[in-house]
Structure formats: structure tokens, C-alpha cells
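Those protein sequence lines, which keep their order, are chains A and B.
Read in the working numbering, the first sequence has 9 at position 9, and its numbers run on one by one without any break.
Read in the working numbering, the second sequence has 82 at position 82, and its numbers run on one by one without any break.
Just so you know, these hints were derived from the structure itself, not from any lab.
Please note that a few of the clues may not be correct.
[Unchecked claim] Which stretches of chain B does chain A cover? Using the computed rule of at least three CB atoms under 8 angstroms from a CB of chain A, they are:
no.	region
1	49–55
2	139–152
3	266–272
[As the list claims (entries may be wrong)] Dumping the calculated DSBU-like pairs for lysine-lysine here, alpha-carbon to alpha-carbon at most 30 angstroms:
no.	chain 1	residue 1	chain 2	residue 2
4	A	K148	A	K327
5	A	K430	B	K59
6	A	K327	B	K52
7	B	K156	A	K244
8	A	K271	B	K156
[What the hints assert, rightly or not] Just the calculated beta-carbon pair ranges, DEER-fashion:
no.	chain 1	residue 1	chain 2	residue 2	range
9	B	G45	A	K98	15 to 25 angstroms
10	A	S362	B	Q64	49 to 59 angstroms
11	A	A189	B	P40	54 to 64 angstroms
Note that this is a predicted model, so its numbers are computed, not measured.
Glycine included, C-beta positions come from ideal geometry on N, C-alpha and C.
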Amino acid sequence: MTSIKKRSVVVAVVSTLVASTAILSVSAQSAQAAVGTSAAITKALNTPTTLTFWSWLPGQQNEVNLFQATYPKIKVKLVNVGSGGAEYNKIKAGIAAKSGLPDVAQIEFQYVPTFKVLGGLANIAPYLSKNWVSQFPAWISAQVTDAKGGVYAVPQDSGPMGLLYRSDVFTKNNITPPATWADFAKDAAIIHSADANSYISNMIMDSGNMNGLYWQAGARPFHMTSASSINIKLNDAATKQVTKFWGDLYSSGNIPADPYWTSDWNAAFNKGKYVSWAAAAWGLATVSAAAADTSGSWRAAPLPTWGSTPVSGNWGGSTSAVMSTSKNVIAAAALADFVNTNATASFALTQAPTFDFPVANSVLSSAGFKATAPAFYGGQKVYQAYSAYNAVVGKNYEWSPFQDEVYTLWTNDVLDSILKKSDTAAGVDKWQADTVAYAKAQGYTVTTK
Amino acid sequence: MSINIEMVIMSRSSLASTKRTGLFFVLPFFLLFVVLLIVPLLYSGYISLYHKGLIGGNKFVGLQNYVTMIHDPQWVTSVVRVALYFLLQVPLMLIIATFCALAIDSGKLRFPRFFRIAIFIPYAVPAVIGAIIWSYFYGFNYGFINTVLGYAHIHKINFFGSQFSSLSSISALVTWEFAGYNMIILYAALKGLSTELYEAAAVDGAGAIKTAIRIKLPQLYPAIFLTLIFSIIGSFQLFTEPLQFSNLAPTTFDDHYSPNVYAYNVAFKGQQLNYAATISFSLGLIIAIVATIATLVGRRKGEQLI
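Okay, chain A solo, but in the shape it has when bound (with noise of 0.2 angstroms):
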């Protein structure tokens, strides 16, 4: 038992002053960066721990694997403990709790704001190589990062957006991809006359979906002044205009509004009920699995714009982050940036069966990334298509701090205005009220210019 003991101190004062000469050789920011020493790094790599990984990725497995052969020490136990909003709220419940947590776990970048400012994440910065940040294109790392150079999470995918549809039925009916919303009213309006059990699309039902093509048509709403003080702008000219414009189709009688993700809207996209869907990337594997009857008819192109300039919007993406009260924070580092920037893990995101759209330069940039081309898509080289979309995202998005109950109450004031085919403007004028109440009862300075 001493002798453990004593052992222990004396690692810890071996590496204490390995620590500090490195400090002063290589001149470091800052005292928290004594942790983070290869010395450190090179023994919580050697030393047996368990790891506990939280993530509802299909295939997640492989890369873990991969981690695990590298480092054959560290074990890492994989837990889908549910996805998307079942597993914040456990991860919610065991921030307030300071327990139950798992040293690593899959957040989607609109929510690493909100867990930051929970003290739910971990900054893993110290124990990262030096231009660590400089593998991902800025505006994907800048959703990870703060001002002081801390790194929150580890960027695991992109949902660039795109238009998917149906080249057979748009053969059919005369009409090429639009190339502009206006378009995309017209040949709405062409699709559903022609048969009346089809529609171009389904109304955008999902306060995401919504959300990036806010992002495409030019909304920045939220920006940080300081931790406690929030510029808060939904109901701009662009939202307003994108709402609208949603709300006249459906109101028009051209598009139905669905629910998204039940088993009525993966049929309804089999059926032909839908022939189009403004989708991230990912959503090639949703459309894939959900329409196998209508399989090599579907074509990838650009999102309809609203000027004459390319521009996308992003819609998800996932994010590794290590918890702040994981005890193993090294081990937990080496996993989370292990899965998603080592050269084969990162690789094997990409295909079956996770399909991931990479956010590495150097796999957005690898010949065999862009030379999938499923026959489900007719043999299109969709990820090249879609690695042109990624490039005209618009820059400089920033989430809020509590983006779930942004998303809550666009459901309760835009969408519901949409569907009872109200007047839109003040259902976005509502939504950023309820907001900006929302924000300031939590104690944020809120500005709204």
C-alpha cells in the first residue's frame, strides 16, 4: 500500500519536473499546459483505464477498434445510450447530478455551446499536437473552439446541404434541379399538377432542416458578446423571407407537412409521395435506407438559391467531446481526437455503414472519399458533389447557449404559424421574443441589434 503510494508520488514528481523543464524550453501559454506534456501523455496512454463512450453512430465500433490496437492498454466500453436529444438529456441529468457521465461523448456542434456553458465539457487543448485546429477548414473548428484557445470537442462530421431528388419523375415532367427557390415554387407547383399523390417536397418540418437554410440565406442570429452577454437577431430579413417563403408553398397546397422521422415519412419518400429533400449529407444514407424501391433514381445537386451566387446552408454534424468530470481526461483526449482525426478511423467514418461527410482536410481531399458513387444515387459521385456544396457554406455561424429551446420554441411560434397558415412574420417576430425573454430569465445581458 505504501509502497504503491510512494511509488505514485514519485511518478508524480518525475513528471512534475519533466513538465516544468518542457515548460521552459518550449516557453508555454500557460501553467495548464504543464498536463499536457508528451511525457504526461506517453504514461496515461501505457496505463490501464476504461473508457466509457457515448455515441449513437452505426459502425462507431470500427474506429474504436482501430483506437484500442493503438493503444492496447486503454479499453474503451462503446454505449449507445440513444440519439440526439434521449442521450443530452442523460447527459443533462448527470452534468446536475456530477455523475453517471462517460469520459467521451458524440454532441452535435449546435449543442457544444450549451454544454460548455453547463460544465459539462472538458478543454482538451493541452493535450493536443501543436496545429491541431489547422486540419479542419476554420469555420468547422471555430464551432469547437473559444477565444481564449480552449478545444471543446473533437469535430467528427459536417451536414453540408444539398438538393436530393428524384431525376426520374423531373425528367418526366420537363424540369431540371432548380437553381433558385422561386424555381423550386414553380416546378412545386408543376410536380403536384401533374400527379396529384406527389409533391416536390415535404413542408420543413424540422426546426434544423429549417435552421440551415436560415444559415444558407444569410441568418447569423446569435453571437456572444461575452460569457454573460448574448446579441440575439431570429427575426432578421432572411429568416422572415425563408419562412414565408415555406409558408406560401404549404399554404399553396403544393407541398404536404409531414412529421419527420416516422415510418409514414421513410414511406412517403419510397412511395414517391416526396420527390425532393433539401438534405445534409448525411442524409444520403437517410434517403438510401428509407427509399430502396426507388433505388438509382436519385440524383444529388446544389441547394436552390436565393441570388445569383452558390451558397449552402449546414444543417447537424457531430462533435467527440471528453466530459469535464471524466478522470481519465488524457486517455479520453487521445480517444475523442483518436476516432476522428487518425488517418484510417477517420477513413472508415466515411463508409458503409456510417457514410459519414468528413470535416478533416485530408479526407475531404482523398481520391477515394470522392469516388463513391452508390447505385442507389445512379453511380453520381455524390460526395464530390457534395464536397462542392461543403466549400460554399455560408461562414461565421455561431449557435446559441441553449439552442434546444431555441429549436422548442420555433416549433411552438414559426412552425405552428406555418401550419395554421398565419401570418409568418410575427410567428418569426414571436419566436425571437420568446427567445430573448427565454435568455434573459436565465440571467444573459441580451442585445438585439
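Assemble the complex: chain A is given as a structure, and chain B must be docked to it using the hints.
Then chain B, alone, in the frame of chain A:
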């Protein structure tokens, strides 16, 4: 004399040990009761008096959360809605349950055991699974009911189109789930009734239906009342079904469909644990008040209730 005293002492000590033994048997329940019910209840009452935002610390606000709640239109809507739901669903369910219990008890059914089990089985299905099963029935485009109606060339039904249709859809599901449970309670009560009266009625020429209405039903009143109290508690706590159906109709089954759904969303989506505790604590209070009123009204019938 001395023997008498000894006997008294003995019986006293044995009484004390009986008490202790009794306590011992009650202990497991009592511990769970305290840990899982009393402590959380007190704790939620306690945190409902505080406010903790994402920014700024935890501060005592007295009854401020309750004042906010009473002026919160979403909360008022949710309470009114479960009250409507109670009025819509509970009478229907209890009438069906009573009818089934009387039918099985009448001895006129061909396969009484089969019916008893068949009606009771839905209660054994977890509420979430029940809601998922029924969402296949209710699906607008390709749901079972609308598919059948489509074959018959009848107009599709939107089961979640309006306030009333959504409440009716949930009522049908909950009736399916709980009618069997209530039927078992009522059936057990019927089995406990003395058969002398039936014989007397039979001698007087009463048939099965007349016996059921004139003899059994009046005696069943306390048991029906018990199921009513259970149903008050159950319907005001409506949660799983609307939460599950919100995937099918997000604007109909919104984040404040029932007080429990609202508390859940306020806690997990809105990060306002204090306000969620306020909603939950007041829901308990509302249920207690409604149940008390029901008991007072029911008692005037001159029966010994609960």
C-alpha cells in the same frame, strides 16, 4: 393474582414484540417510501423556492416561481387540457370496465377466462410500446386505419388534426391500456359480494341483466369509486402518450401538452429545474385537491369510501 400480573406483563411484552415484528415487516416498504417518495417530494418543494439561471448563481426567490406559473399561459393551457381529457376519457373507460366486469361475472359468456385475459393484456404492455403500436394505427398517410379506409374509398382521418381529435386519439389508447386493469378491480369486488341476494333476486324472477343493474351495480359503487380516484391521478399525470405522439404531430402535441410534458421539457430542454419542480409540485397539489373534492362529493351517497 401474581399469575394474573405475570400474564399481563407477558402479553404486554408480546404486544411490544408484535409491534416490533410488524415494524420489521413494514421496514422495506417504509424505507423505499421515504427514499423514493418523501425525500424527492420535499426536495422538489425545496428547489421550487429557488432560481438558478445559466448565468448567475442559485438564489432564494420564495414563491416567485409559483406566481410566474399562475401567469404562464402555457401552464394554464396544460392544466385545462388534462382536465378536459379527464372528463372525456375516464367516464368512457369506467363504463367499459364496469360493463366487462359485469359481463364476465354474469356467467353467460362462453369463454370468460379468455375475455378476462384478452381485455387485461394491454395493461401489461409498457405505455411507450402501446403508444408506438397505436401510432402505426393512427399514421395519416400509411397508417393502418387510413390504409383500410383508403381501400374502402373513404376520406382519410387526421387523428391529430385538432385539439378534440388529438384528445380523443389519446383517450382511445389509454382506454385500451387501462380498461382491463379497472375491470380486474371491479371483477374482484363482484366476486366478494354475497351471493344470497342473487338467489333472492332469482327467486323473485330477476334475469341476469336485471340482477346486474339492480343488485350488483349498487353494491359495486365503492369499488367504482376507487377506480375513479386512480383514474383522476392517472389522467392528470398524462405524459408518455403525448410525448410519444409529439413525433407524429409536433405542433399539436407541443411542449406543454400536459403539465408533466411541460415539466419535462422545461427541465431537460429549457434547463429550468426550479421551474420544473414548481410545475411538478403544484401538479401533486392539484391532484390532491381534485381527489379530495371527488371523495367529498362521493361520500354524500352515504357509503363508506376509501
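Pair hint outcome, K271 of chain A versus K156 of chain B [Cα-Cα no greater than 30 angstroms] = holds (18 angstroms)
Are the Cα atoms of K430 of chain A and K59 of chain B separated by 30 angstroms or less?
-> Holds - the C-alpha atoms of K59 of chain B and K430 of chain A are around 29 angstroms apart, at most 30 angstroms.
Quick check: the region 139–152 of chain B, covered by chain A? Criterion 3+ residues, Cβ under 8 angstroms.
-> holds (count 5)
Given pair status - K327 of chain A, K148 of chain A, alpha carbons within 30 angstroms = Given pair K148 of chain A, K327 of chain A holds - Cα atoms ~24 angstroms apart, limit 30 angstroms.
S362 of chain A and Q64 of chain B, beta-carbon distance inside 49 to 59 angstroms?
-> holds (54 angstroms)
Take the C-alpha atoms of K327 of chain A and K52 of chain B, compute the straight-line distance between them, and say whether it is at most 30 angstroms.
-> Within the cut-off at roughly 27 angstroms; holds.
Has the hinted range 54 to 64 angstroms been met by the Cβ atoms of A189 of chain A and P40 of chain B?
-> holds (57 angstroms)
Note whether the CB distance of G45 of chain B and K98 of chain A lies within 15 to 25 angstroms or breaks it.
-> At 22 angstroms between Cβs, range holds.
Against chain A, does the region 49–55 of chain B show at least 3 residues with beta-carbon separation below 8 angstroms?
-> holds (count 3)
Closer than 8 angstroms, Cβ to Cβ, for at least three residues: run that test on the region 266–272 of chain B against chain A and report holds or violated.
-> holds (count 5)
Is it true that the CA of K156 of chain B sits at most 30 angstroms from the CA of K244 of chain A?
-> Between K156 of chain B and K244 of chain A the Cα gap is close to 28 angstroms, so the pair holds against 30 angstroms.
Consistency note: the structure conflicts with none of the earlier hints.
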